[in-house]
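Q: One line per chain: the protein sequences are A and S, in this order.
Going by our numbering, 301 is the number at position 301 of the first sequence; the sequence numbering is gapless.
Each position in the second sequence, counted from 1, maps to that position plus 1000 in our numbering.
Think of the hints as simulated: they come from the structure by calculation, not from any bench.
Beta carbons: idealized from backbone N, C-alpha and C, even for Gly.
Fair warning: there could be bad hints in the mix.
Derived coverage of chain A by chain S (criterion: at least 3 residues anywhere in the stretch with Cβ under 8 Å from a Cβ of chain S; other residues may be distant) [as the list claims (entries may be wrong)]: (1) 113-122; (2) 166-180; (3) 295-304.
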Amino acid sequence: MKKNGAQTFIECLIKEGVDTVFGFPGGAVLPIYDVLYDEPLRHILVRHEQGAVHMADGYARATGRPGVVIVTSGPGATNTVTGIATAYMDSIPMVVFTGQVPTALIGNDAFQEADIVGITRPCTKHNYLVKDIKDLPRIIKEAFYIATTGRPGPVLVDMPKDVLMASAEYKYPEKAHIEGYNPTYKGHPGQIKKAMDFILSCKRPVIYAGGGIVLANAAEELCALAVKLNIPVTTTLMGLGGFPGTHPLFMGMLGMHGTFTANMAVMNTDCLIAVGARFDDRVTGKIDEFAPYAGVVHVDIDPTSISKNIRVDIPIVGDVKAVLKDMLKHLGAAASLREHKKGLDEWHKQVDAWTNAHRLSYKQEAKGKIKPQFVIEKLYEATKGRAVVTTEVGQNQMWAAQFFKYDKPRTFITSGGLGTMGFGFPAAIGAQVALPDATVIGIAGDGSLQMNIQELATAVQYKLPIKIAILNNMVLGMVRQWQEFFYDKRYSHTCVSVAPDFVKLAEAYGAAGLRAKTPDEVVPVIKEAMAIKDRPVIMDFKVDPFEDVYPMVPAGQPLNKMLLV
Amino acid sequence: MRHTISVLVTNEFGVLSRISGLFSGRGFNIESLSVAETLDPAVSRMTIVTRGDDKVIEQINKQLNKLISVIKVHDFTGEEHIERELAMIKVSSNQENRAEILSIVDIFRAKVVDVSPRSYTIEVTGDEEKLRAITELLRPFGIKEYVSTGRIAMARTPKQR
Ligand SMILES: Cc1ncc(C[n+]2csc(CCOP(=O)(O)OP(=O)(O)O)c2C)c(N)n1
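So that you can see chain S by itself, here it is in the shape it has in the complex (with noise of 0.2 Å):
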């Protein structure tokens, strides 16, 4: 099963080293991965996102603990979150089709944000499956460029009565 794992871990050289390494050495797969600075710059929040059962999944997250540098460590699984990447889609174009193009865009919420003569980049948030949706969308047109983040996530307020 699909875990996203948010790690918090000093902000210090070599600490994504330290993460990457422990995956690999043991054998566990990163699908992706996103590191930035937290509000306090002295802790950064990376993103995990990975797969195994549910011993794996045990292992990574003990593992995770175990190292140093980490400070927290976070499973998102069966808890209710929300989970967002971004993706820039250039998109071939002309004047026929651009129409259709602009329309994918609006009902997804996406953006231009750049233009030529034969193609438009698109930028898009979402999770996982409208980034799937748009992709699937806007390919039969040609993709010529695809670059996403990795996914990050935010745990949802519990809802008050």
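The shape of chain A in the complex, shown without the other chains (with noise of 0.2 Å):
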């Protein structure tokens, strides 16, 4: 039976196994939307493109599984740009549906046109214009490969609208074939038996584990490799969650606002184990002072994330999941790793010396300010860690790495690459959609909530009940706190007062408003909104709008040069 476009791309959707899709309806889509009206998929109506694709980011980044946007032509994908960077800086698994303008119309400025494959060429891992009804199925399949294989990232697919009505019979292909996409998942064994040789050889290693870790879901064999042979670990800021933040060979987060520790540990190890990780400047500060006397192993699927910025002494290209697998089975007899661990033993104590030296801390006064930090333990607290917490970008994401700690996978959600502000609230509901029955926090800073507000409307809409923490200082916090370090404190507009009640404006949508301003109303407030299960919950804490983020490491310096509180 012949179908029209807008059926069989819904169709190929739900034999792809999506069960959500976020998304805003304009000219160019109503023949999918005219589809979706007897509901043969959820649908999560948002309030802005922007909000459906970090919405899809958290789903992804929260399950696993890629994230489903559509959305219009012309403004409604251009809006969808700031969130398909987002993903694609993190390598989050997503496939974003455009409409376009009927291909007769292409290349003539019709009305709302934009040439969307163009713009985002460089943001997307791969993209496709549809010509022809009759090759969508088979690049609906591609996408949906090409976003959740190898290195994963997000695909856009723009889909003119006299496709979506012209008609035809289909059938959604099994398989994708693409002849220049073949990624390597298996490590060259020789190259592991070399690093395996090499790790048993040292005596001052760490385990430096990235966001790859996430994605490839090797949080087991990470942390199975790091018991095995005794190393002590770092993650990055994606990396958290990905081995678990309670356990004793945990040093914490490395880089510019890592501890003491772990930049420490960096800087004097003989033997840095890199495993999805990238070496971002974030990471590294000064990049030809960083880890000077390590030998580097590089574990990741992406060839080229290996040797971009620093040089590495032995190469794993391949998913880490079976590159760690891979060595846990090189491990030798027993006796000798014992052996090999008690080398470590002067290492280790070096590490704790390290850790009593300089910990994470902040002085909450009982009469005093509310201290953001203060605010995140207790979230920790009341949880027990047992939530999926989002962050927004500045000082709020710092904190939030640093006072609350991640046991597992998939827990922690935020936008390391391209540090997006407004991304943790609809990355929030994104994962409350795909886990209705897990607690999500959401820890905002004022400046950042407000850069997606409407979607309070989406979440009150389908009764998530999404906790919001919003670290409110008043203040562009991060920003102001380096105008505080090196620019003199000349606070150039960073003061963001003018600010809404965020308790009323909280109720005007519909959802639950509360406010702390003072120490004592922190925890009663939490317990408040944990309770609240219906709709969605605002916590307004009124924090000290002069805390800074520390450790500190300035923007090229080496990691050891850290300003400690």
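Taking the hints as your guide, dock the two standalone chains into a single complex.
A: Next comes the structure, spelled out in structure tokens:
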């Protein structure tokens, strides 16, 4: 039977296993919305297309399944760009479907025409313009295949309206075959052996794990390897949750706002084992002084990540889960391992000494202003860590990374690569849509939250009980901190004290609003918020506007030049 | 160092901009680029001449391979290969210098492809050095126009023993 393009499209999504799409209608996608009227799958109606993309992103990060977005042509499509770039930088599987003007009008500056394939070429893993309905099923198959395999990433499919209206018979292909796309999954056995021999010969090893651990679902293998070899572990911001935050081998995050221990360990290690990480500048600090004594083993599925920023001694291209498994297989008899572990005693003593010298800390005065770190710790205690946490960008993000402990992968969701303010709130919505029974906490800055606050209507509409915790410092805190440290306290345009009353705002949208102004109000507010199950709740914590994030490695400095409290 | 890289790509809309976007977006430079269909019309070949240190060239090769539309990347550097470019050179001529120009054309095994009372248009193929040499010899006569293709390259077949 012949189907039109829109029906074909929806049926292909269902065959692909898609259960939820995030979208916003418009002229070019009317044929699709007509099919959606009969509710063949769940459609979450957003209030801004950027919100849709971040929601799909949150959905993907929380589950590992690709997020799916449907938007119209022109402004609908261009509104997705920040979201797509955010997902691209963090390698999140996602497929964005955009409507396009009819093929005959493409290139004519038609109403609501934008060259979205051209615009998103540098921020998608791949993208397509569907020119013929016959190609639609194959392209959808390929789009999901590309988005979810190898190093994952967003794929965009642009569908002209006439293609959506044309009719044809179709068959959804079982498999995608793309000649130029064959990711390497299995690591080279010779390299793996070389790496293991090297690791076992070293006295001061460190594991540096990135978001790849989470993406590859390799947390278990990572933990097994670290424990078997007794190697201390640090993760990047994106890697948090990829190794248990409460594990004795965990040193905390490294980099610009990393712990003293993690940064010192990296600067003194003789063997840096990088897995699923990419040596981002926020991690390495001054690149030519990074890990000066280390032989570097680097495991990554993306060959371009290897030797991009720093020289690597033993590169291993492959899926980190598969490679870690092979590494574990390589471990010899328990007796020789015992020998190896004993050799690391000195190193562990040194690591402990660093930890004892400088722990993450802050001081909460009982009668003073609320400290933002205190709020995070109380959220952790209230949930016993059993929550999915999303963050905005800035100080709130760093405190959420430092003072909440993530024992499980996919429980910490943040925009690491692009650092997109406005990400965390819609991402929390996406995570809650995916995991209706989870406690989802969106840690927010008052600045960032306002960048996608319109999605509060979405959260209310779908009765999503997400908990938004605003660390309300009435400033663009992280930028203010840089102005304090590096611009002589000239606080240029970072005061955002003209802001809505967030409690009233929540109520205006039909959500719950709570406020804490003093330290003793923090726990009761959290408790009250946790009891609300039928709608979103905003907790407005009035925090100390002059609190800074420590430690801090000033940009361009080596990791051991930390500013400490 | 300069590298000549051959890239097989799927012959589809937008592929050229994927490649050029990769170079511009990452700050790699393209000295020359030539593109044409291969014998298989579904596949095109791009020959790219670029420059960079080992690290940059390694990234260029890897980044090209990463593009979904790229089927194969081959760097000719360090390998026996033949390179060719084609140039058309329009040079001023008159009664006195015609013979001299023609002898240069002859020496370089070039061809006169258009003649007017005041000019010769010369077609010449060869590697970069040869093109530079003939251009230098013709320059004194007055070059009115110079058009050349990008470079193309092919590996030499290993000689049998
Ligand atoms: C879209 C966007 N614009 C600008 C920035 C630059 N920026 C980084 S952090 C920050 C301040 C964020 O303020 P707020 O959300 O209140 O969080 P805080 O740092 O106070 O916790 C800004 C403006 C950004 N990351 N994203």
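Q: Each hint should be assessed against the structure and marked as holding or not.
A: Checked hints:
| no. | hint | verdict |
| --- | --- | --- |
| 1 | 113-122 | holds (count 4) |
| 2 | 166-180 | holds (count 3) |
| 3 | 295-304 | holds (count 3) |
Hint compliance for this structure: no hint is broken.
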